[in-house]
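Number of protein chains: 4
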Amino acid sequence: MNTFGNIFRLTSFGESHGEMIGGIIDGCPSGIPIDLKLIQKELDRRKPGQSAITTQRRESDRVTFVSGIYEGVTTGAPIGFIIPNDNHHSSDYEILRKHFRPSHADLTYFLKYRNCDHRGGGRASARETATRCVAGAVAKLILQSLSIKVVAYTSQVGSIKLATPYHELNLKLIESTPVRCPDLEVAEKMIRLIEEVKSQGDTVGGVITCVCLGVPAGLGEPVFGKLHAALGNAMLSINAVKGFEYGMGFEGVQYRGSEMNDPFFYDERQKRIATRTNHSGGIQGGISNGEPIYFRVAFKPVPTLLREQKTLDIEGNESSLTMKGRHDPCVLPRAVPVVEAMASMTLLDHYLINRCYDLDVL
Amino acid sequence: MNTFGNIFRLTSFGESHGEMIGGIIDGCPSGIPIDLKLIQKELDRRKPGQSAITTQRRESDRVTFVSGIYEGVTTGAPIGFIIPNDNHHSSDYEILRKHFRPSHADLTYFLKYRNCDHRGGGRASARETATRCVAGAVAKLILQSLSIKVVAYTSQVGSIKLATPYHELNLKLIESTPVRCPDLEVAEKMIRLIEEVKSQGDTVGGVITCVCLGVPAGLGEPVFGKLHAALGNAMLSINAVKGFEYGMGFEGVQYRGSEMNDPFFYDERQKRIATRTNHSGGIQGGISNGEPIYFRVAFKPVPTLLREQKTLDIEGNESSLTMKGRHDPCVLPRAVPVVEAMASMTLLDHYLINRCYDLDVL
Amino acid sequence: MNTFGNIFRLTSFGESHGEMIGGIIDGCPSGIPIDLKLIQKELDRRKPGQSAITTQRRESDRVTFVSGIYEGVTTGAPIGFIIPNDNHHSSDYEILRKHFRPSHADLTYFLKYRNCDHRGGGRASARETATRCVAGAVAKLILQSLSIKVVAYTSQVGSIKLATPYHELNLKLIESTPVRCPDLEVAEKMIRLIEEVKSQGDTVGGVITCVCLGVPAGLGEPVFGKLHAALGNAMLSINAVKGFEYGMGFEGVQYRGSEMNDPFFYDERQKRIATRTNHSGGIQGGISNGEPIYFRVAFKPVPTLLREQKTLDIEGNESSLTMKGRHDPCVLPRAVPVVEAMASMTLLDHYLINRCYDLDVL
Amino acid sequence: MNTFGNIFRLTSFGESHGEMIGGIIDGCPSGIPIDLKLIQKELDRRKPGQSAITTQRRESDRVTFVSGIYEGVTTGAPIGFIIPNDNHHSSDYEILRKHFRPSHADLTYFLKYRNCDHRGGGRASARETATRCVAGAVAKLILQSLSIKVVAYTSQVGSIKLATPYHELNLKLIESTPVRCPDLEVAEKMIRLIEEVKSQGDTVGGVITCVCLGVPAGLGEPVFGKLHAALGNAMLSINAVKGFEYGMGFEGVQYRGSEMNDPFFYDERQKRIATRTNHSGGIQGGISNGEPIYFRVAFKPVPTLLREQKTLDIEGNESSLTMKGRHDPCVLPRAVPVVEAMASMTLLDHYLINRCYDLDVL
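Protein chains in written order, with the working numbering: chain A, 268 to 629; chain B, 268 to 629; chain C, 268 to 629; chain D, 268 to 629.
Take the hints with a grain of salt, since some may be wrong.
[As the list claims (entries may be wrong)] The list that follows gives simulated cross-link-like pairs (lysine-lysine, DSS-like), each with its CA atoms no further than 27 Å apart:
1) C/Lys-365 with D/Lys-538
2) B/Lys-538 with A/Lys-365
3) A/Lys-591 with A/Lys-365
4) B/Lys-538 with B/Lys-416
5) C/Lys-304 with C/Lys-416
6) B/Lys-538 with A/Lys-577
7) D/Lys-591 with D/Lys-577
8) D/Lys-365 with C/Lys-538
9) A/Lys-428 with B/Lys-428
10) D/Lys-538 with C/Lys-577
11) A/Lys-416 with A/Lys-428
12) C/Lys-439 with C/Lys-428
13) C/Lys-428 with D/Lys-428
14) B/Lys-577 with A/Lys-538
15) C/Lys-304 with C/Lys-439
16) C/Lys-465 with C/Lys-591
17) A/Lys-465 with A/Lys-428
18) D/Lys-577 with C/Lys-538
19) C/Lys-416 with C/Lys-428
20) A/Lys-538 with B/Lys-365
Hints in this document: simulated from the structure, not taken from any laboratory.
Turn these sequences into a full structure, and let the hints guide you.
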């Protein structure tokens, strides 16, 4: 199941240490001018080696489109693209041929597939998310022309939380720190924590918040195609994600209905029924209501530690494992563009699905 | 999108105040003896009027199977079933023809569909989840024969939390209190809170925890069919759900990798590689690892209040609304079987998918 | 796999001798007024007992809609419907519990499912196509409002062929003969042949031609969603169908490219590029070109004979079988509305899919 | 819709004159040794320039696998592959930027997509079928290990028909003539006809017959996933195909049921219920019955003529067009491996689907 989406679909291939990774975007409308620089820029936001707090692995991560675009514009044909893998140190992983890393996918892939590519985590590696950034960037381009904006940021690293709600933040500052947190003071604390954790050969988790602005009312398909379920499914497909909540989420369970309900008013400027608060997170009954959609995604600390761990080998014997090389002490900064990519694909997909039923056209 | 699942699929129909609701289960293996009493029992666990803390609406909720079962055994043909709607007071809802309830799906359905059935929430009503209980019970029957057990319970109501982890609880006590919390002391507090909230014409949210025992290793399809993403999607499709987390979830983000990683050991009794802790929640890289799967689902307080609320009418005029009748002050107790049903369908679906690729058979 | 379609979808249930058959139409746009009489009329065209040349089985075949329609108009919710089975003589089929009818699905269902409902052919019976007529009639209603017309007729029974091409026929005459052939002279011959065959306790096959007028250019999704492949798939899903061809089909293989190519001209009246001939059958590269779509569907003689046949019983012993009761000597007349129904659903589905990508809206 | 299949799935990309074509095979079981030579050989059977009766275009058509195979064996990860396009003369097609070829997809692609790649037919070119041969060869490999054999041959070119039924032919002779007809005398006539047609700058159509041996009983999913409907859909997705029939097909409509029904007998050697004749073509009620499956596929004469044709340009002005270059006078010989590839993928897909429900395993 390497296909994501219903109408706008990404099918991807590739392992961490194979020759290349890539994908096919199917269902992209024709006539869309493709700004290759913008797409490469999205991909660059994910690539390793951007700063001292991410992995030092250096990959150029250049995407090449090989079909579906003619003279710079989409043709409606499937968009094939490839990204060569040019900096893999497979020998660092030779030990994994016979050992399982704790809390990694090594064991489960082995149990499911028997024969699997252990090098660099193979298909289970987050390297695969680079293809999502490419398809997500194409989706973003189209959403932009529809005035829909998707933006994510790091809102928690370990126990350092950004308490300010999204609408009080200056989201333009996100890219100004390597940790991608728009509150620069909090960002500084997050960075220090990551550096500390890194120095211990350890890792730390966190939370990414994503905000979708300008989403028109009416997207989402009851009852098994609810918009928030589609977003949740998209986020939970990202490596290391352990939780998803939208609107007031888990925190909201302790309030009364009378506190949580969002009162309506008629917004004269937007000429639409709006809500004064947005505890609901922009979705009611699985359908967008025109308010901003926001959600939070929990990432566990990545399990690859640069210090010794006890483990078992393939025969079940006790053993110990010390991973070498270049690993992220915290995936959050590099996961921000992946969250945006998956949200963008999901929203565009639902935008296109919803067009099928549009009353004014039929 | 009223179909759930890939191989084992439920397609459902029906509005709250229509003549009947029902569904079609497709992809159910043939030769399965169907215990109608067990299925009706699952449906009864969801039905209204069970106790003082749920809605006093009285519905008999009798399911009738109309195809796909011959002489008590499944035939491989689609299993059709219907549940008559016999206790709807549509006149209670006449006001909704022209008014939107805050934080309900009334407005979004109106914006998306223009013409919709307002009576009792129409298709957006949680009444639809009765069909999930029927299909889920069929799935449960099959899972039982595979020694897989799915059990859910209320672990939080408002700010009253059950802190004890699942493996220290006596899960047999779940059904012994109307709130479906296996710690009887905590259950008592929850019930008192719900009664208090109810007396105020208000509502309250909560959390349901679900545990899946006996799930074999290997279920789940990387990268866009991960088992936890499928479970998350299933849970987020349930009315009023705002969040999903599995394993250590959101809490886990503040720990170090060295604290969160689950150490391996060889379990002599089970003859398999097991883990000493289970922070991962039984899934690695989207594939089950043989440990118990557990996850938590956040439910918002239901928005239907039995007291006056300000709102807008269909023309955007300010108005006020007082719902009459019989509503749940807290959906958690009745949502427990729905969570189990969706989890059961998801696990069975992935069990069947995984069989396609089983090496030993091919 | 009891679901047909991508956006506009029918999921059906029910066996020949069960309590009822029915279905769920998902993805139907909201706001469509449903003319129940027209839908019942389509269903009546398929029902048994219409004339001396069809089965004498009397079924009232009344459809009841149970969801998705409010005050006569679709709501966007799934449309549930049921048709009671009220005239089954299951005892006529008791022998089939232990015997397989030659060239029927009895053996293959037994081999695939082990436990299956033998009564009246169970799920394999063409009774199931009644649900297609209902969903097809809903599709037809919507196509009508888009000025798309789908009409089918019997063009061959046994060796009696209607040689006249569709555009030289008066298609309004189709319903004026029980065999549904618009050339009344040929129809008469067909009827006599069917009567003769019937008197021998035998059966005969034939061909149905279907014409789709007013289909706009642009429907169909290369490369694995070609419009003619979707139509072929739809037709081949109908009981007793053994072949499908469109445009010049099998006959066209013997011509040269220079004879078969359809020359273009600019049609001033329609303001579009049209073709002088239509050997292509209205589809090029899997996409409709604005010309009439026409195709032919081959039906084998139904295998149920009212005379003795040799067969095997369930243990493999030689045996003989004489079916009693009421069977069609030729299914063509009653299959005409089924062909129209499947074509209508396919065209509407592709119309809706195509809207996702429409340039003028994006 | 560039994805084919349910469990075993091919998603393909690429235009005739782009940099490369390729695809992703998803759902391939792990642990399958991949014989690259065998796969390249299947691809070579389709490649241009094989003989005097096919196009003289010279393409090396080398496939490279870039993921999903580790140390020669499938891993369960998606199998990515690419085939460079190395011999395109795009300038031959410059005229197509503004002119539509009659009975080609040029006009319909233009109407549907507005912006499309005209070079060499772009995505509508049969070049795309090379990716099917690759995925089909992988499927064939797996089918071989299941003792299922798929073989196709040219049974008609223009009006020259091979009358002998498949079971009286020596299918080992298929590859011994360039036209891929196992009756060498008939093959000779076909070749002479193609040469004659070619010398006139014209083209001719034909029929391919395909036989599937060793298919176990039970494959195919009623009612909308019938095995013959899946095969028909697969064949109709191939360029230039206008018809599909299985078993006695269109010819069978003129016989009586008493002539067409296949009598059963118990086959002691195979220990199964078999049929004495096989008019049904190995499928009953959409499910394989264990007999050979055979079907016929009609190909129109390709519309690209090497002589002048009248046409319209993009503004609707009359014009004339003479294609230069290297085209097939008859696609049949090169379509034989494509038919086999699509049949192999379809059978494997249904084999895997059927495993989900297998009673003996559950």
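Quick check: which numbered hints come out false for this structure?
When the structure is compared with the hints, none of them turns out to be violated.
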